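Let the sequences and hints guide you as you build the complete structure.
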Amino acid sequence: MLDNVWLIPLFPLIGFLINGLFGKKIKNEAVIGGIGTLMIFLSFLVSCGILMQLVGMPPEQRVFEKVMFPWIHAGSFKADMAFLVDPLSAVMLMVVTGVGSLIHLYSIGYMHGEEGFYRFFAYLNLFCMSMLLLVLGANMLVMFIGWEGVGLCSYLLIGYYFEKKSAGDAAKKAFVMNRVGDFGFLLGLFVLFWWFGSNHNIWTINFVEIKAASHLLPYGGVVTLATLCFFVGATGKSAQIPLFTWLPDAMEGPTPVSALIHAATMVTAGVYMIARMSFVFIKAPETMMVVAVVGALTAIFAATIGTAQNDIKRVLAYSTVSQLGFMFLAMGVGAFGAGIFHLMTHAFFKACLFLGSGSVIHAMHHALHKGHLHDDAQDMRNMGGLRKALPITFITFLVSTIAIAGIPGFSGFFSKDEILWQAFANPYHGSLNILLWGIGCIAACFTAFYMFRLVFMTFFGECRINPKVKEYLHESPLVITIPLMVLGFLAFVGGFIGMPKLLGMLPNYFEHWLDPVFELANEYGKQYAHSGAHHSHALEFGLMAFSVVVALIGISIAYTMYMANKSLPEKFTSAFPGLYKVVYNKWYVDEIYDFLFVNPCKSFGNLLWKGFDVVIVDGVVNGTAKLVMAFSAGLKGLQSGYVHNYAMGMAIGVVTIIAVYVFR
Amino acid sequence: METLFFLIVAAIAVICSLMVVTNKNPINSALSLIMTFFCLATLYVMLEAPFMAAIQVIVYAGAIMVLIVFVIMLLNIKSEAGRRTSHALFMGISVGLLLLVQTWYLLVKSSLSSVRGTVDSAMISKVGHTELIGKSLFTDFLLPFEITSILLLVAIVGAVVLSKKKL
Amino acid sequence: MDTIAIPAINLAVIAPEVVLSVVAMALLLINVFVKSEQKGYLGYLSIAGILGTLLMLIPAWGSSVEGFSGTIIQDNFAIFFKVIFLISAAMSILITDKYLEREGCNQGEIYPLILFATVGMMLMASGTDLMTIFLGLEVLSVSLYVLAGFNRNNIKSNEAGLKYFLLGAFSTGFLLYGMALTYGATGTTKIAKIASYIAMNGVSSSNLMLVAGMILMSTGFAFKVAAAPFHMWTPDVYEGAPTPMTAFMSVGPKAAGFAAFARVLLVALPALKPEWSSLLWVLAVLTMTVGNITALYQQNIKRMLAYSSIAHAGYILVGFTAGNAVGTAGILFYMLSYAFMNIGAFAIIILVGKKGEENSNVSDYAGFGYRHPVLGIAFCIFLFSLAGIPPAAGFIGKFYLFSGAIQAGYIWLAVIGVLNSAASVYYYLRVMVFMYFKEPTEDFEWVKLTPAFVLCLLIAVIGVLVPGVLPGLFLELAQKAVLM
Amino acid sequence: MVSLNFYLVLSAILFAIGTIGVLTRRNAIVIFMCVELMLNAVNLTFIAFSKYLGNLDGQIFVFFVMTVAAAEAAVGLALMIAYFKNRESIDVEDMNLMKW
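Residue numbers (our numbering), protein chains in the order written: chain A, 3 to 666; chain B, 3 to 169; chain C, 7 to 490; chain D, 656 to 755.
It is possible that part of the hints are untrue.
As the list claims (entries may be wrong) - Just some of the chain C residues that point at chain D, by a computed CB distance under 7 Å:
id, residue
1, E165
2, F171
3, A175
Unchecked claim - With a straight-line Cα cutoff of 30 Å, these simulated DSS-like cross-link-like pairs (lysine-lysine) come out:
id, chain 1, residue 1, chain 2, residue 2
4, D, K754, C, K41
5, C, K162, A, K638
6, C, K199, B, K166
7, A, K166, A, K372
8, A, K167, C, K444
9, A, K628, D, K740
10, C, K199, B, K137
No lab work stands behind these hints, which were simulated from the structure alone.
Please read all numbers here as calculations on a predicted model, not as lab measurements.
Glycine included, each C-beta is placed from N, C-alpha and C at the ideal position.
Set out below in structure tokens:
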């Protein structure tokens, strides 16, 4: 099975070719969608086979490189078209192909009747192929091809509704920001390549070879430079500060795209890349700190911004940015396994959330269309009480929300708690740990808050939809709900494979599985880790309980704000005067919350969104662009069209060059 | 004596070339350029290259300049309507002078190849300059010589394409 | 009177050039008898001639033959470049006929002129004497002056030809002065002898005459390859020249300039490597930056591609600066893939254009991708390749050039190169944004494919994708063709 | 015997004058004549070197330069005539249809 690893990216490629070349002729949506889904499902089956085979091998032998053909050979430098299968890439394979298959299936229902249905599936398959190349690449160049490929597909898919100007702009923004990141990636590659080559005559970009030679790398110095470059690449792709503003805009794309690309797979590429090169990153303590701080800051920034959004997809988008921040936090504190674990659980529950929101939007859109209304189908203020109309969507959505909020027993709890614990207990960042942990906890609280706000505003309370169209609301078809159910189930149970030792019910399979990959990084880490700080089980339990409490606080704030005080006060006061005081008090508490906590946060979130996001980040990006354009206009002015000016340019060039060389 | 003669010819050449650049009327420029070419031909003779002097006169002064003068007549170009701006003049002249200073400096500072060839005055007077050139052209430099035939053919075709009456 | 002993003439060395010249001359004669509407057939005949020449080149691969008293050589380096020239000539000829018909200047002489220009380029690539290189360059230049001004009823074309001519002649002066000084410093014009003289007599950078000769020759070649600050003619000439000739000019002569440039610097003047590599370093940075930044502002797509071609010359100079085997192989590989992607892009521009070079603004491409999906995808492939996005050949080429620079220790140069290629994406992307994300204002019904265009585009797409996905073979060939 | 440097300096002067002419004149034909002047300056350098090095390569080169000058003259003047037919001028300050 391992030998056939090349089949995994091949199937989606075939799907892309069939749908891309003949899709327009086929016309039948079932056939097009069926081919697209089947191809990625076949990849999933092969991935399962590979996983099985890896499981059957002794842990230390679970590395396999399949060279397809020699690709670029230049003297001592070699880069093959080669695939690398190890526990890490196996996990990613399962996530990409598994979640990918479900989302393909979902898209058949969701994209029904859209113009360019075949185009959508062709792009989606192309995306899967690129993502699989990225995951499987045995050297940085293959990875980079996938890296560029996913950026390209993301561009194509965000701009899918090209009639909308905002879609085109969003696509362009995403592409340009991604390119900034790609630039960082290439630079990091070059720095590493150059350092190994010029100092040790090892001209390689192969991960296995770099790993074997990684003991030669110094701590800090050039490694810091290289890893910072790589990290810039990761921030672009994974939407971290300061390159995160493209992701919320990317919600212009169809919802399945948001689920697949902008939640489950592509945006996690940066995390994956750092995990892949953990043995390099760990050698740069400064970079590790930068990663951790940027991750934590992104987690809290995006979470606060999420509280101020009313568009259902934008909430989820900021939530994704925030969760990615958690993953980077994990990477930065050396908890690579926990980060990848959160990546996986996040893929389950966030994909489910996006698909669920898609189902809601689908139903809303349908109903509004029938009623000839032009309300915004994505605005939560136009929703409410949808749980009766969309029961399956509601249940799966709720499960995933509980998971992301970090309620024990659900997948998100295990992974997020592991990250927070590692942020607190890791031996690398000294006193910074408390701060990282604190920020993480607050971000977790916010997460619980805005996610439940979302649920309450959408599914509970009175229905704010125009009564004219209420009757048209109904549950989405099976092809949409089946993926929801599967993902919801995974969001529920997915965490049990990585249960902390502490709870002791099950061994932590996930961590053991990834151990061989991150062993070396941990080894290197010990060189500068602070020893001694041994934390007791009681503390771990305490922190775990604390994070649960924090999540509950967030939920209860959301409850009081968006459920309890809506219409209840009046009813209670008139019917049960005795309870008035209680209700009054509740309301009073709410006021305090509002005054002390929620309002500042909301305005802070608004400020961040309007100020930081729109003005500063976009301003810097646009300002740079303007500067370059002004420069361009200036240079253009030199091109006057007059022959003698051109001749003068040449003559001055000659005179200057001679002056430099003759009179130096 | 020889140096004095050289200086006189050189002075005429420089003056004539300055007139090429400064004369307003293109015809006068062309005539000054022909004078410069004659001066150069004289210098070639002094450099024991009589054949080069001959073709300098025949090809350059005779053919190319006639062509240029012919075109000036054909297009009936009068004196230049206006001068360039003084700024452009200043820039052009200063860049040119800078170039001169630099080349002068480096020519004075640098050393020639130390390898001396076999051709000296005695050989030129014994064998004849034209024969030496001819031998060289048809042995060592046969290929470049043949390439010039293609070059001239291209020039003819090009000139015809660009100026023949009917397309 | 003693007879002169003409040395043994090894015609095999110049057989490709001879064949191509003979075909061109024959076409000149045939042209007289061909009616104006049927001049297109001359194009097919010239392509047959080019194919014949290609067939003669292939068996010569692997051997290195000198001839004509060391004035010319046919080695792998020359053959690789000659293949590039022939491909670019053939592809340009494929897209010429329809354009000339549209613009109403259907003169058959264009085909022999293209072939003569190709002969000139071939001589530049294989010349081992400064005279051969100079004459090859002049054959090329004189043909190009005519080709740029070929559409003589179009004022822009006139202007392009005249500008190119005046500036080209001016740069020839510098090139020649450089050759003269090199001759004075070394006593010879033969490239191998220059190198051996320098090596034997220990002449080095202390000899200012040699350094100045190197600099002046470099400026001459820099003009030909359009390196800043000797690039300013490029946008005007590319915009004004007939579009198929722009396609031809942006590839062939640039490659030829690099071939001669590389042979002179790498073979004749390796002793001055510290000097010329620092010179090329500066030229590369200037060229990339000026080309890319100015391209950002352009509205006319021909002009935009002209600036982009300047930037590409800059990328190639990066590999050249490295001066090692990887960098040189990178130049060869990049030039080859550049031929395909650039001529492909120009072919689309010809298709979209209307009579009198109308419809050549970027905004005129609004909705093109939906009106003509296949052409749109082809155009995107070319633009992606120009932008250096995998898996197109342009990416591999750039990667190779930059890694050559890194192996030679020029890490900052590579960084600037990567930065530049990141910026360049913007203006290529702009075309794609217009093609796909803007409401069509035109129906593009005049865009009609002829078999010749289909062939040209097919070759271009294959030429971009195959070396991009499977670069192994091409890189191996390029490595066998480097000059060291 | 005149020192080599005299010839070289003379040719440098002529080359610089030619350059100045190219940079300052407006008439395309005069610019072309100035280029010819530059080429002739180079020719003088070649022949002077040739004499002092005692080999004929330089003179052969001059022979080819003259051919090239003739070819360029033919094509260049044809271009000017074509341009003149359309524009009624060969002033380079009128040649700015394409810019920026």
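To see whether the hints hold, each was checked on the structure:
| no. | hint | verdict |
| --- | --- | --- |
| 1 | E165 | 5 Å, holds |
| 2 | F171 | 5 Å, holds |
| 3 | A175 | 4 Å, holds |
| 4 | K754/D / K41/C | 37 Å, violated |
| 5 | K162/C / K638/A | 19 Å, holds |
| 6 | K199/C / K166/B | 45 Å, violated |
| 7 | K166/A / K372/A | 22 Å, holds |
| 8 | K167/A / K444/C | 8 Å, holds |
| 9 | K628/A / K740/D | 43 Å, violated |
| 10 | K199/C / K137/B | 21 Å, holds |
In summary, the numbered hints that this structure violates are 4, 6, 9.
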